[in-house]
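Protein chains: 2
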Amino acid sequence: MSANISAAISCPSAGASNYGTFANAREARLAIRRGEWDSHTSGLAPGYAQGNLAILPEALATDFLRFCQRNPKPCPLLAVSEPGDPMLPTLGEDVDIRTDIPRYRIWKHGELAAEVSDIRDFWRDDLVSFVLGCSFSFEHALIEGGIELRHVSQGKNVAMYRTNIQTVPAGPFHGPMVVSMRPMTAANAIRAVQITARVPAVHGAPVHLGDPAQIGIADINRPDFGDAVEILPGEMPVFWACGVTPQAVVMAMAPEFCITHAPGYMLITDVRNSDLSLA
Amino acid sequence: MSANISAAISCPSAGASNYGTFANAREARLAIRRGEWDSHTSGLAPGYAQGNLAILPEALATDFLRFCQRNPKPCPLLAVSEPGDPMLPTLGEDVDIRTDIPRYRIWKHGELAAEVSDIRDFWRDDLVSFVLGCSFSFEHALIEGGIELRHVSQGKNVAMYRTNIQTVPAGPFHGPMVVSMRPMTAANAIRAVQITARVPAVHGAPVHLGDPAQIGIADINRPDFGDAVEILPGEMPVFWACGVTPQAVVMAMAPEFCITHAPGYMLITDVRNSDLSLA
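First to last, the protein sequences are chains P and W. Going by the working numbering, the first residue of the first sequence is number 1016, and it counts up by one from there. Going by the working numbering, the first residue of the second sequence is number 1016, and it counts up by one from there.
Each hint should be verified, as a subset may be incorrect.
As the list claims (entries may be wrong) - Away from chain W, derived, C-beta distances all over 10 Å, residues of chain P:
(1) L1045
(2) R1135
(3) V1167
(4) A1201
(5) D1226
(6) A1233
(7) D1242
(8) P1278
As the list claims (entries may be wrong) - Here are some, though not all, of the chain W residues that point toward chain P, as calculated from beta-carbon distances under 8 Å:
(9) A1202
(10) I1205
(11) A1212
(12) A1220
Honestly, the hints are just simulated from the structure, not real lab data. The structure presented is a predicted model; accordingly, all values stated were derived computationally and were not measured. Each residue gets a CB set at the ideal place from its N, CA and C atoms; glycine is no exception.
Looking at chain P on its own, in the form it has when it is part of the complex (with noise of 0.2 Å):
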């Protein structure tokens, strides 16, 4: 099972090459719903958000979506569909959850079953879309705002952590909070709450810095999942919630079907990072 969680984790590197391929993200959707891209889309088309992506039957719909309400910094909610209903208009002109990923994970029982570019197959009336934020944008803000971020330049995946942070359970969902840690020094971590607490919508302000056994990490040289990254004198780590959050409750009750993205296989929507930031 972990290992499943760990295949299904999410964010796309900041870092990651293919930058500014396309324009703008509606361009980009268009070549990936014409199969004419098959590949991560990290910087694909820069300043748009993207999202990460969990479908379920609706029986399981309505208890996610309270989950997601109770617990926003790991689940912060960009769009939800009408049961059924491919389309997510708030996201976007246009936007088809089951053609506009470039890659998907069918799940069945919490078991990977296929790994396809286009869903049509697999689509029923029942099936609502969550589109979750991703913390690639917040992390460019952290970038832009001259804030080094080690695993980015190393390109490293971003470490990750469950942690003993309790989630507000909702219905069959529930579980412990992963976050993700990014060292940086006091001063920049002062700056980075204050660059991060404006964009609530891709997780916002840390959870946690400083001392990692107080929110449960026995070492922090072993992630859960991603990769470990170096921790220099003078610095502290500092924990933001992770949408591995979602993934992993998800999992960790194996729903009969359930689809996600590919893992750095994201959705890019027409949501500009700069409009998820509240000031």
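Got chain P; can you put chain W on it based on the hints?
Just chain W, lined up with the frame of chain P:
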């Protein structure tokens, strides 16, 4: 000299009594002007910003103004008067800096020469008044935000430290930044960054958090000014730039003539604390 600086420190404790004695700032100032109030000003007109005072001869004023402009975190300027003009119209209706503070200190060559309740007899045509924001305003915001401030709960003065953070010099004004310290949990530290970042006119976001040695504080239990306060397990020290910095800088250069408020006896302005908030 250090004793003089210590005697000149400024802000009242946010927790002191007097709370709500006057309905608004103007009423409080008029009572002070009539000599009907000879005590500290903490809580006197709730919701209104109070300010630290430094009055310098014009020959030094330009350099001090540049010093404040270059060091906005320790020296947040609320107002500067015209030379020789005792009125501060931007801070409220009919604010006369010669009479509207309950107690002043007259300094000659860095030595305390007199403590008076009215400076009309000391007024000169070349004097320039500087009013600087006071951490009382942001402490109020922190307490409203549900963050306990231990020094306030315990009726102590806040702990203050000289650091190895150098201010940006201007003319004869130079010296290390003084910081105030408030211990809190990491979660509260994150909230406190957000709350105080919104009030740059009263010191703004912290300048440091965590390891005191990183900013040159050898012993957190021995503050240079104010009272030591316990840091409980699971808490970290959070450091803000402190209004004692400009006072220490002015005192250290021992100007031939200078007037300040007496510690805790502040100027009550018509500016609402809420108006100092960016958002």
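Provide an ascending list of the numbers of those earlier hints which the structure does not satisfy. Numbers 4 and 5 - these are the hints that the structure violates, sorted from lowest upward.
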